[in-house]
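Undergrad: Sequences are here, hints too, so could you generate the full structure?
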Amino acid sequence: MEMFYSNIVGTLVFEDDSPRPVAIVKDLVMDPDKGALIAFVLNQNKQLVVSPMDVISFKQVMKINNADNVVEASEILRVSEVLKSERPIYGAKVFTKSGEYLGKVFDFSIDAKTYDLNKIFVAKDILGLFRYNSLIIAAKNIIEVKPYKITVKDNKEPEKEVGLQKVAVKEMAA
Numbered sequence: 003m004e005m006f007y008s009n010i011v012g013t014l015v016f017e018d019d020s021p022r023p024v025a026i027v028k029d030l031v032m033d034p035d036k037g038a039l040i041a042f043v044l045n046q047n048k049q050l051v052v053s054p055m056d057v058i059s060f061k062q063v064m065k066i067n068n069a070d071n072v073v074e075a076s077e078i079l080r081v082s083e084v085l086k087s088e089r090p091i092y093g094a095k096v097f098t099k100s101g102e103y104l105g106k107v108f109d110f111s112i113d114a115k116t117y118d119l120n121k122i123f124v125a126k127d128i129l130g131l132f133r134y135n136s137l138i139i140a141a142k143n144i145i146e147v148k149p150y151k152i153t154v155k156d157n158k159e160p161e162k163e164v165g166l167q168k169v170a171v172k173e174m175a176a
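In case it helps, my numbering puts the sequence shown at residues 3 to 176.
Since the hints were made in silico from the structure, they are not lab data. Where a beta carbon is used, it is the ideal one built from N, C-alpha and C, also for glycine. Possibly wrong hints are sitting among the right ones.
Cut-off 27 Å, straight-line C-alpha distance, at most; resulting in silico cross-link-like pairs (DSS-like, lysine-lysine) [claimed, not checked]:
{"hint": "1", "residue 1": "Lys142", "residue 2": "Lys65"}
{"hint": "2", "residue 1": "Lys99", "residue 2": "Lys121"}
{"hint": "3", "residue 1": "Lys61", "residue 2": "Lys28"}
{"hint": "4", "residue 1": "Lys99", "residue 2": "Lys126"}
{"hint": "5", "residue 1": "Lys99", "residue 2": "Lys115"}
{"hint": "6", "residue 1": "Lys142", "residue 2": "Lys95"}
{"hint": "7", "residue 1": "Lys121", "residue 2": "Lys28"}
{"hint": "8", "residue 1": "Lys65", "residue 2": "Lys95"}
{"hint": "9", "residue 1": "Lys28", "residue 2": "Lys99"}
{"hint": "10", "residue 1": "Lys121", "residue 2": "Lys61"}
{"hint": "11", "residue 1": "Lys65", "residue 2": "Lys106"}
{"hint": "12", "residue 1": "Lys99", "residue 2": "Lys155"}
{"hint": "13", "residue 1": "Lys155", "residue 2": "Lys106"}
{"hint": "14", "residue 1": "Lys148", "residue 2": "Lys86"}
{"hint": "15", "residue 1": "Lys86", "residue 2": "Lys121"}
{"hint": "16", "residue 1": "Lys61", "residue 2": "Lys126"}
{"hint": "17", "residue 1": "Lys36", "residue 2": "Lys148"}
{"hint": "18", "residue 1": "Lys148", "residue 2": "Lys126"}
{"hint": "19", "residue 1": "Lys36", "residue 2": "Lys142"}
{"hint": "20", "residue 1": "Lys148", "residue 2": "Lys61"}
{"hint": "21", "residue 1": "Lys121", "residue 2": "Lys65"}
{"hint": "22", "residue 1": "Lys121", "residue 2": "Lys142"}
{"hint": "23", "residue 1": "Lys36", "residue 2": "Lys61"}
Between beta-carbon pairs, the in silico distance windows are [to be verified]:
{"hint": "24", "residue 1": "Leu14", "residue 2": "Gly101", "range": "37 to 45 Å"}
{"hint": "25", "residue 1": "Asp18", "residue 2": "Ile128", "range": "41 to 49 Å"}
{"hint": "26", "residue 1": "Asp113", "residue 2": "Ile145", "range": "16 to 24 Å"}
{"hint": "27", "residue 1": "Ala140", "residue 2": "Ile26", "range": "14 to 22 Å"}
TA: Structure (structure tokens):
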């Protein structure tokens with residue numbers, strides 16, 4: 003099952019037995035090197051986060067064991083490093099390996115069980131109001147994530163398996 007960034011942001015966070023929400027999910031921290039969710043941001047001003055390991059359930063609302071699971075981002079080393087590197091997925095410009103501009107990431111999806119990045123949704127826009135040339139790009143096609151820039155494979159670039167098969171055929175013919 004997939005969870006979409008646009009549906010996660012704004013989700014209420016509850017303690018397991020409490021009827022009142024503790025916080026609201028403001029953003030996600032994705033590890034740009036591994037393509038995995040490493041924290042839910044609950045308050046962007048104070049950088050309060052909760053680790054995906056501390057989430058008991060996530061459906062219409064997020065449930066955590068208790069409010070002690072909400073910590074400052076600086077307390078989790080990898081979260082702090084990723085936030086300082088300024089390499090977000092959402093809003094990043096996307097280019098092919100050959101340099102063609104594809105648009106900006108306006109949404110992305112993660113696997114509900116593993117919290118791994120599945121797909122990014124990219125489109126060009128006019129003044130931020132109208133989207134056109136929308137694309138869905140699988141996470142496996144992402145080459146690298148730099149500050150506010152994502153590089154993906156070219157459409158015409160063959161898969162590695164195809165390239166290996168072609169090499170094997172050439173060696174047999176020689």
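Undergrad: Now tell me if each hint is right for this structure.
TA: Consistency of the hints with the structure:
{"no.": "1", "hint": "Lys142 / Lys65", "result": "violated, 30 Å"}
{"no.": "2", "hint": "Lys99 / Lys121", "result": "holds, 18 Å"}
{"no.": "3", "hint": "Lys61 / Lys28", "result": "holds, 16 Å"}
{"no.": "4", "hint": "Lys99 / Lys126", "result": "holds, 17 Å"}
{"no.": "5", "hint": "Lys99 / Lys115", "result": "violated, 31 Å"}
{"no.": "6", "hint": "Lys142 / Lys95", "result": "holds, 17 Å"}
{"no.": "7", "hint": "Lys121 / Lys28", "result": "holds, 20 Å"}
{"no.": "8", "hint": "Lys65 / Lys95", "result": "violated, 33 Å"}
{"no.": "9", "hint": "Lys28 / Lys99", "result": "violated, 32 Å"}
{"no.": "10", "hint": "Lys121 / Lys61", "result": "holds, 20 Å"}
{"no.": "11", "hint": "Lys65 / Lys106", "result": "violated, 31 Å"}
{"no.": "12", "hint": "Lys99 / Lys155", "result": "holds, 6 Å"}
{"no.": "13", "hint": "Lys155 / Lys106", "result": "holds, 16 Å"}
{"no.": "14", "hint": "Lys148 / Lys86", "result": "holds, 12 Å"}
{"no.": "15", "hint": "Lys86 / Lys121", "result": "holds, 24 Å"}
{"no.": "16", "hint": "Lys61 / Lys126", "result": "violated, 31 Å"}
{"no.": "17", "hint": "Lys36 / Lys148", "result": "holds, 13 Å"}
{"no.": "18", "hint": "Lys148 / Lys126", "result": "holds, 19 Å"}
{"no.": "19", "hint": "Lys36 / Lys142", "result": "holds, 11 Å"}
{"no.": "20", "hint": "Lys148 / Lys61", "result": "violated, 31 Å"}
{"no.": "21", "hint": "Lys121 / Lys65", "result": "holds, 25 Å"}
{"no.": "22", "hint": "Lys121 / Lys142", "result": "holds, 8 Å"}
{"no.": "23", "hint": "Lys36 / Lys61", "result": "holds, 25 Å"}
{"no.": "24", "hint": "Leu14 / Gly101: 37 to 45 Å", "result": "holds, 42 Å"}
{"no.": "25", "hint": "Asp18 / Ile128: 41 to 49 Å", "result": "holds, 46 Å"}
{"no.": "26", "hint": "Asp113 / Ile145: 16 to 24 Å", "result": "holds, 20 Å"}
{"no.": "27", "hint": "Ala140 / Ile26: 14 to 22 Å", "result": "violated, 30 Å"}
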